[in-house]
Structure formats: structure tokens, C-alpha cells
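Asker: Here is what each chain is made of, one letter per residue.
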Amino acid sequence: MAMIDVQPGRVRPAPENFLTDAQIAAVKDGRRDFLRKAFLTAAAAMAAPAVARAAVEGDAAILELPQWSTTLGLPVATNPYGMPSKYERGLQRRESPGLTRVGGSSVAFTPLQGLFGIITPSGLHFERHHQGWHDVDPAKHRLMINGLVRTQAVFTMDDLMRLPSVSRIHFIECGANTGMEWGNVAVPTVQYSHGMLSCSEFTGVPLKEILDMCGADYKKGRYVLAEGADGSSMTRTIPMELIESGEVLVAYGMNGEMLRPENGYPLRLVVPGVQGVSWVKWLRRIEVGDKPWATKDEAVHYMDLMPDGLHRQYTSIQECKSVITTPSGGQLLLDKGFYNISGMAWSGRGKVTRVDVSTDGGNNWRPARLETPVLSKAVTRFNIDWVWDGKPAILQSRAVDETGYVQPGYGQLRAVRGTKSIYHNNAIQSWKVVESGEVSNVQVL
Amino acid sequence: MSRFSRTLIALLVAGAATSAAAWERYPGIGREATPAEVQAWDIDVRPDFAGLPRGRGSVDDGLALWETHCASCHGVFGESNEVFTPLVGGTTQKDIETGRVEALVTGAFPQRTTLMKVATVSTLFDYIQRAMPWTAPKSLKPDEVYAILAYLLNLAELVPADFELSDANIHAVQASMPNRNGMSTDHAMWPGASQAKGGIGNGGMPDVSNVACMTDCKKDVVIASALPAYAQDAHGNLAEQNRAVGQTRGKPTGAPAEAAAQPAVGAAATLALAKAKGCMACHGVANKLIGPGYNEIAQKYQGQADAEGRLVARLKAGGQGVWGAVPMPPQAHLKDEELAQLVKWILEGAKAQ
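Heads up: the sequence lines are chains A and B, in that order. Residue 102 in the numbering used here sits at position 102 of the first sequence; the count goes up by one each step and never skips. Residue 272 in the numbering used here sits at position 272 of the second sequence; the count goes up by one each step and never skips.
Hint data in this document are derived by calculation from the structure and do not stem from the laboratory. All values derive from a computational prediction rather than experimental measurement. Heads up, a few of these hints could be off.
Straight-line Cα separation of at most 20 Å, SDA-like style, residue types lysine to any residue; simulated pairs [unchecked claim]:
id, chain 1, residue 1, chain 2, residue 2
1, A, 208, A, 140
2, B, 277, A, 127
3, A, 140, A, 308
4, A, 420, B, 110
5, B, 277, A, 99
What follows is a set of in silico ranges between Cβ atoms, one per label pair, in the way DEER data are often shown [what the hints assert, rightly or not]:
id, chain 1, residue 1, chain 2, residue 2, range
6, A, 134, B, 269, 30 to 40 Å
7, B, 139, A, 121, 46 to 56 Å
8, A, 74, B, 27, 44 to 54 Å
9, B, 92, A, 420, 17 to 27 Å
10, B, 348, A, 76, 27 to 37 Å
11, B, 275, A, 371, 41 to 51 Å
12, B, 169, A, 201, 44 to 54 Å
13, A, 201, B, 222, 34 to 44 Å
14, A, 100, B, 218, 30 to 40 Å
15, A, 84, B, 98, 53 to 63 Å
16, A, 56, B, 215, 47 to 57 Å
17, B, 269, A, 337, 37 to 47 Å
18, A, 85, B, 303, 30 to 40 Å
19, A, 420, B, 215, 47 to 57 Å
Computed from the model, here is a short list of chain A residues facing chain B with C-beta under 8 Å [claimed, not checked]:
id, residue
20, 72
21, 73
22, 75
23, 108
24, 402
Glycine included, C-beta positions come from ideal geometry on N, C-alpha and C.
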């Protein structure tokens with residue numbers, strides 16, 4: 001009897017802990033209350049006394065005391081650095097097969113489908129490297145400031161970590177996030193469609209403090225070049241206005257600990273609101289200059305191709321965007337009834353002020369609850385009640401930011417930018433729900 | 001590299017708001033950089049060629065260097081699509097004249113090659129100098145960068161075969177870059193001063209706008225695109241990529257990973273490793289591509305007791321001559337155990353399963 005596989009309380013390692021083929025079939029048949037039926041059927045059919053007793057008297061997960069209630073648990077510091085439960089091992093960073101051909105120049109996507117709140121666990125922060133990653137020795141790492149400054153200077157990590165620090169929560173999104181979806185649906189889940197997005201608390205020193213120390217020429221030096229210490233020595237041009245705002249940080253901390261090596265240990269630039277490529281990892285040098293640099297990652301890569309054949313250069317701001325993460329593509333609803341539709345919204349121009357949710361493909365909308373904290377240039381979590389009647393539905397979210405900008409639909413974006421720009425796709429995402437409870441990725445114009 | 005000497009900088013900042021007192025604000029923190037330190041790290045080259053090192057290199061010299069350092073990933077003619085997007089192709093003589101690549105509008109070329117995109121020749125110099133070769137970045141001397149760039153420009157038909165590129169004539173090459181007029185900064189996504197104020201971009205006026213309609217917003221809801229059937233299981237078993245408890249489950253697609261991933265260090269995994277590390281860009285299993293086929297290697301070393309150790313060493317250090325003139329670059333991006341795994345697999349016949 002396959003149905004018993006989801007009997008509550010039975011401890012089994014993943015992946016058998018998922019729905020069986022028979023259950024999927026049951027869902028597809030429209031028997032959406034199959035879980036309840038399965039329980040009753042299994043209980044009635046079982047001859048074993050313990051199970052029979054459970055069937056008559058209640059849930060075996062309650063009546064049969066589990067091993068964790070009746071035996072001694074593990075001692076402290078069994079895991080000196082704690083790891084997630086073994087039952088959570090499905091939620092991992094993953095590559096999108098066929099997207100790239102070399103792991104050193106690739107992407108690993110964050111499993112947004114399993115995250116709560118606004119903070120991305122550091123071990124699940126998305127990865128994008130241009131020439132592989134290194135675990136850089138912090139004792140040998142240096143930050144150099146040069147160019148249009150009175151004093152060209154060198155700082156050690158000791159120096160930087162002695163300076164007054166700030167901690168701020170910001171999102172980081174790759175400019176190419178959702179890039180595979182410009183022309184048509186290409187990927188099945190929110191991990192691959194939106195998973196080049198993470199949000200963390202970063203700790204570091206405002207770059208302005210350091211440039212002030214060095215006597216930067218703010219009159220002539222309106223641009224800054226940030227450069228990494230890795231093989232690719234990533235470089236990007238950043239406007240001095242952002243640095244003068246005090247928002248740009250030279251950061252060493254992430255979510256209460258040092259940056260992870262994959263995210264730039266021991267030092268990275270934090271450029272709130274701007275695409276991830278400008279958040280230079282393994283930051284080794286800042287140069288102040290009077291012109292932009294047209295570096296490889298702003299003159300060969302990271303340019304948005306428009307229908308007229310022109311490439312938009314120095315596109316940096318991540319415009320207002322949102323996505324429903326639960327329920328989302330590749331998932332199955334267990335049964336009709338109540339659900340908490342939950343998602344993430346963010347804007348590179350400030351705070352998210354509103355998120356509306358539609359369950360009918362964009363015909364009618366309801367305002368969602370914005371959960372606190374709502375921070376500038378950070379992910380905001382939204383939730384909204386939904387009672388699924390078992391009928392087909394199309395779920396969408398639409399965010400508005402403090403500038404009044406309303407997240408556009410695919411039709412609106414494509415009318416202006418075509419389908420080949422790769423970068424900066426912030427279109428409204430649609431998830432189709434069918435009667436079987438299956439959720440899939442679709443595009444509604 | 002900054003063009004400004006320290007004296008000049010002092011003059012430039014004389015009128016600025018900062019003062020020497022700023023450096024003293026955090027006593028004991030930081031120190032002045034030495035000229036040698038700045039020179040060692042300040043390697044960037046701007047479109048106005050600020051920072052360009054002196055040097056020269058010919059197309060001929062570039063060809064030899066290309067075969068050693070570049071061909072393994074980019075192909076002998078910069079055309080390879082095996083590891084990275086092709087470098088050259090898709091540009092015409094007319095593009096060189098107009099400075100706009102027509103194929104970007106017509107879609108006449110299947111790829112967007114580097115030469116179709118890039119507007120500034122300085123970017124190519126900077127790119128090669130800072131990040132190439134792939135496995136040994138920053139190992140090229142300025143003359144070698146000039147030579148390699150000269151060869152690349154010759155492949156793109158921008159300079160003749162007898163050309164020698166130098167810091168003196170690179171300005172002239174800029175005038176024939178096929179997409180030199182193909183850039184626009186007329187967009188809302190530059191977070192600094194606008195073009196009108198001497199900066200970049202339109203000052204933040206978005207090109208697309210929506211309205212927050214709440215009721216009866218659409219006559220018809222048309223699904224323009226859905227996940228194609230063949231892509232349903234292209235990302236593995238989605239059931240295993242979702243939490244097993246909560247509001248939803250993942251949809252089972254494809255085989256469970258435990259079964260699929262069974263040969264952890266088996267043949268399939270090693271083949272995957274060879275692909276992931278870029279080996280298959282140059283080596284086929286049965287046939288010669290740029291380098292020898294794996295079966296040819298296995299045959300050559302058959303019965304030689306020390307073959308495994310010798311091949312590991314050769315992969316690590318690189319080499320040339322055993323299989324012809326095209327050298328094998330050193331594979332510094334592979335761990336020792338990966339090298340050993342690959343060599344063992346090759347000598348055992350490079351099986352797929």
C-alpha cells in the first residue's frame with residue numbers, strides 16, 4: 001500500500017520522504033483530499049496491532065512515542081559549526097544545466113523556494129564567479145587606494161577592522177537574474193528563474209570614510225574603479241554620488257560572521273541597489289578617476305542589447321521586482337483549502353511600498369501584507385491569505401517602490417527592450433496552478 | 001593606471017575640501033602606498049588609453065602565443081564555441097566603416113561574439129592583460145599582450161597579417177572597431193549624475209512603466225509561454241529540490257538523485273568532471289580535436305607501468321611535442337586528486353558509464 005508512505009511521524013531519510021507516484025496520480029485524478037483518505041484507508045486496511053490501534057485511537061506520531069522522545073540525544077558541540085537538519089538537504093545551491101560550460105565561470109542559484117523572511121543563509125547565498133574562487137589569506141590581503149587622491153594608501157584587514165563599522169541589510173541581485181526567461185519560459189522553478197538574488201546583513205566601513213582619509217578629489221574624481229584580487233580581477237566603474245551617499249561599504253562581515261570565501265572573503269564592496277557584478281569580491285583596489293573605465297565587465301559583458309542593435313552600457317540599478325516563492329514552479333499543492341502565498345520584493349531605488357497579488361493571471365489584485373522590517377534596497381517579505389478552491393489559477397505579484405515605479409509585465413518590458421538584452425528582466429512572474437495541484441512556470445503578457 | 005604624478009595630484013586637490021588632517025583622523029590606521037606597489041597593481045587601461053603600458057607585438061608573434069595560451073579554449077581562429085562564446089565572427093567590412101554591427105539588428109549571426117559587442121579596443125587589451133590566459137591570469141608581459149591582441153584583431157580583419165600593434169598605433173585601431181558606435185547610455189540605470197550633468201544615463205527616468213490597476217484589469221488572460229515538455233526534467237528531480245514538509249512538495253521529475261548519482265567516482269562522474277573542467281574542449285574520447293583523443297592516449301601508454309604518474313605530471317605542468325605542435329596548457333585549476341581521477345579514467349578507456 002503506497003499511500004502509507006506519507007504516514008506522519010515515520011522517520012525516513014529523504015528522498016523517499018516525498019510523494020509517491022501513486023500519490024501524484026491520485027492528485028492528478030482530482031482526489032485532492034488524498035492525504036486524509038490515505039490515512040484512513042491505510043489505517044483501516046492494516047492488520048498489525050500497533051497500526052490498528054493508531055487507526056482507531058489517533059495519530060501514530062502521537063500514540064507511538066518516537067525515538068527522540070525515548071532516548072538520549074547527542075551532546076553539545078557534536079557539530080562545532082552547526083549544519084541544517086538532514087531533512088533540509090534538498091535546499092542547496094544548484095547550477096542550471098547547460099547554462100555555462102565551465103564551473104569557474106558559472107552560477108549557483110539560491111533555493112528561494114525554501115527560504116523564509118528576508119535573510120539568505122550564508123551557505124545558500126548565490127554564487128557567481130568569473131574565474132573561479134579562492135579562500136584568500138586575510139593576513140596577506142591588502143586594499144589599495146590610488147588615483148585622484150592626496151595620499152595613495154594601503155590598508156591591511158587589521159586596519160580596516162579597527163575603523164568604525166556599520167551593519168546594514170541589503171539585497172544583492174545579479175544583473176542577469178531571470179535572464180534565461182527574456183524570450184520564453186526556460187526553467188522550471190524559482191530557484192533557477194530568480195535565484196541569483198540574496199539578502200544579507202553586511203558589516204564594514206563606508207568607502208567614503210576611507211576616501212576622505214586619503215583626500216579624494218571629489219571635484220574631479222567623479223568615478224571610482226573597484227578591482228578584485230582574484231584571477232579575473234573583476235573591475236567595475238561606480239559613480240562617486242553613490243559613495244558620497246555613504247551607502248557603499250567596504251565589507252568584511254556577512255550575517256554576523258566573516259564573508260564566505262565564495263562571497264569574497266575577506267573583503268568585498270557592497271553597492272546597495274546595484275547589480276551584483278559591481279559588488280567586487282576579494283576587493284584589492286579602489287581607484288578614483290575622472291572618467292569611466294569601460295572594463296571587460298562593462299564593455300564586453302553586462303551590456304543590455306536593445307532591439308535597435310545598441311548595447312546599453314553601465315546599466316547598474318536593479319529596478320523594482322518581486323516574485324512569489326510559495327507556491328511556485330515545480331511544486332505541488334497538497335490539497336485545496338488555505339494557503340499562505342509568500343514572496344519577496346525589492347527595489348534598487350529604495351523601499352518597497354506595496355505588493356499586490358493576483359490569483360487570476362492579473363485581472364484582479366489584492367494588496368499583500370508587507371512583513372517587517374521594510375528596509376531600503378533590501379528584500380521585503382510579503383504574505384497574503386489564499387483559499388484554493390481546487391480550480392485552475394495563475395499567481396502573480398506586482399511590487400511598487402517609493403519612487404512610485406510599478407513592476408512591469410512581460411508585454412510592457414518586451415515592447416521597449418525586445419527579448420535579447422539578457423540583463424535586467426524584472427517582469428511580473430506568473431505561476432500556473434492546475435486542478436491536480438501542480439504549479440508551473442508560465443508567462444502572461 | 002593613473003596618469004597623474006603625485007605632484008600633479010597635489011595640485012589638483014589643492015582646492016578640494018579635504019585636508020591633511022583627514023589622514024590623521026584615525027591615527028595608526030593605513031599607510032602610504034609606495035610607487036612600486038601602485039605600479040604593481042594599477043594595471044587598468046581606460047578607453048582614452050590612460051594606463052596603457054609601452055610595448056609592441058606582431059600578428060606573427062601573436063599567432064605563436066595564441067596557440068600556446070589561447071587556442072585551447074578559444075580555438076585557433078578565435079571561433080570556438082566549446083568553452084566560451086566565440087571571440088570573432090559576425091562583423092563585416094561595412095561594420096568596420098560604420099562602427100555599427102548590423103548582425104546585432106538582423107540576428108544574422110547565431111552568436112554575439114566579443115568583436116561584435118566591444119566598442120573600445122582598450123577593453124580588449126585590459127581584458128587580456130588582467131584575466132588571461134584563463135588558468136594563468138596576469139602572466140603575460142606587455143609585448144605578449146600586444147602580440148596576442150594584434151593576432152585577434154587580424155582574425156577580425158581589422159589589421160593586416162604583417163601588422164605590428166604598439167602603444168603608438170593602437171589609437172588608430174580604435175577608429176576601425178566594428179561596434180565603436182554601438183553603445184548607448186540613454187537609460188535609467190546609472191545611479192550617478194546624468195549625461196545632461198556631465199555623467200551617464202538619463203537621470204533615472206525608467207523606460208518601462210506599469211500602473212497598479214486593481215480590478216477588471218484584463219479582458220483576456222493569455223498564456224504566452226509555458227515550460228516546454230522537454231524541459232520538464234532538465235533540472236533534475238524537483239521533488240528533491242524542495243522541502244519535504246510544509247505548504248507544498250516538489251514535483252517528481254526524472255530519476256531520484258540517489259540512483260542517478262550512484263557512480264560517485266565512476267566513469268560517468270569522471271566524464272562529467274572532464275566536461276566541467278573544460279578538458280573536452282580540446283579532447284574527444286575517440287577522436288583528435290585540438291589535442292589527442294583519450295583512446296589514442298590510452299593506446300599509446302598501454303602497458304606502461306609509470307604512465308599514470310607521468311600523465312598526472314604532464315597535465316599539471318603542461319607540455320608540447322608528444323602529440324604535435326599545439327601545446328597543452330598547465331591545468332592549475334585541477335586538484336591533484338582530480339588529475340589522478342581523470343588520468344586513471346583515460347587510461348582505462350574513458351568510458352561514459
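Asker: Are the hints correct? Go through all of them and say.
Answerer: Hint check results:
1. Proposed proximity of residue 208(A) and residue 140(A) is contradicted: the alpha carbons are some 24 Å apart, above 20 Å.
2. The straight-line distance between the Cα atoms of residue 277(B) and residue 127(A) is roughly 17 Å, inside the 20 Å bound, and the hint therefore holds.
3. Distance hint between residue 140(A) and residue 308(A) is unfulfilled; the C-alpha atoms sit about 48 Å from each other, more than 20 Å.
4. Between residue 420(A) and residue 110(B), the direct Cα distance comes to roughly 12 Å. Compliance with the 20 Å bound is thereby established for this hinted pair.
5. The suggested pairing of residue 277(B) with residue 99(A) holds, with an alpha-carbon distance near 15 Å, which does not exceed 20 Å.
6. The given range of 30 to 40 Å is broken by residue 134(A) and residue 269(B), whose C-beta atoms sit roughly 24 Å from each other.
7. Checked against the hint of 46 to 56 Å, the pair residue 139(B) and residue 121(A) fails, with Cβ atoms roughly 37 Å apart.
8. In this structure the hint that residue 74(A) and residue 27(B) lie 44 to 54 Å apart at CB holds, the actual value being about 50 Å.
9. Here the CB-CB span from residue 92(B) to residue 420(A) is close to 20 Å, well matched to the stated 17 to 27 Å.
10. For the hinted restraint 27 to 37 Å between residue 348(B) and residue 76(A), the CB-CB distance of approximately 47 Å leaves it violated.
11. Between residue 275(B) and residue 371(A) the beta carbon distance is about 43 Å. The supplied range of 41 to 51 Å therefore holds.
12. Residue 169(B) and residue 201(A) have their C-beta atoms about 51 Å apart, which keeps the hinted 44 to 54 Å range intact.
13. For residue 201(A) paired with residue 222(B), a C-beta distance near 42 Å keeps the hint of 34 to 44 Å intact.
14. Checked against the hint of 30 to 40 Å, the C-beta distance between residue 100(A) and residue 218(B) comes to roughly 37 Å, which is consistent with it.
15. About 56 Å separates the C-beta atoms of residue 84(A) and residue 98(B), a value consistent with the hinted range of 53 to 63 Å.
16. Taking the beta carbon of each, residue 56(A) and residue 215(B) are about 51 Å apart, inside 47 to 57 Å as hinted.
17. Range check, residue 269(B) to residue 337(A): Cβ separation about 43 Å, and the 37 to 47 Å hint holds.
18. Remark: the range hint 30 to 40 Å for residue 85(A) to residue 303(B) is contradicted by a beta-carbon distance near 51 Å.
19. The hinted range of 47 to 57 Å is not satisfied by residue 420(A) and residue 215(B), whose Cβ atoms lie roughly 35 Å apart.
20. Hint status for residue 72(A): violated, given a least beta-carbon distance of 25 Å to chain B, over 8 Å.
21. Residue-level restraint check for residue 73(A) is violated (minimum Cβ-Cβ distance to chain B is 20 Å; threshold 8 Å).
22. With its C-beta approaching chain B no nearer than about 26 Å, residue 75(A) sits outside the 8 Å limit, and its interface hint is violated.
23. Because the closest C-beta pair between residue 108(A) and chain B is about 13 Å apart, greater than 8 Å, the hint is violated.
24. The beta carbon of residue 402(A) is not positioned within 8 Å of any beta carbon in chain B (closest approach about 13 Å), and the interface hint is therefore violated.
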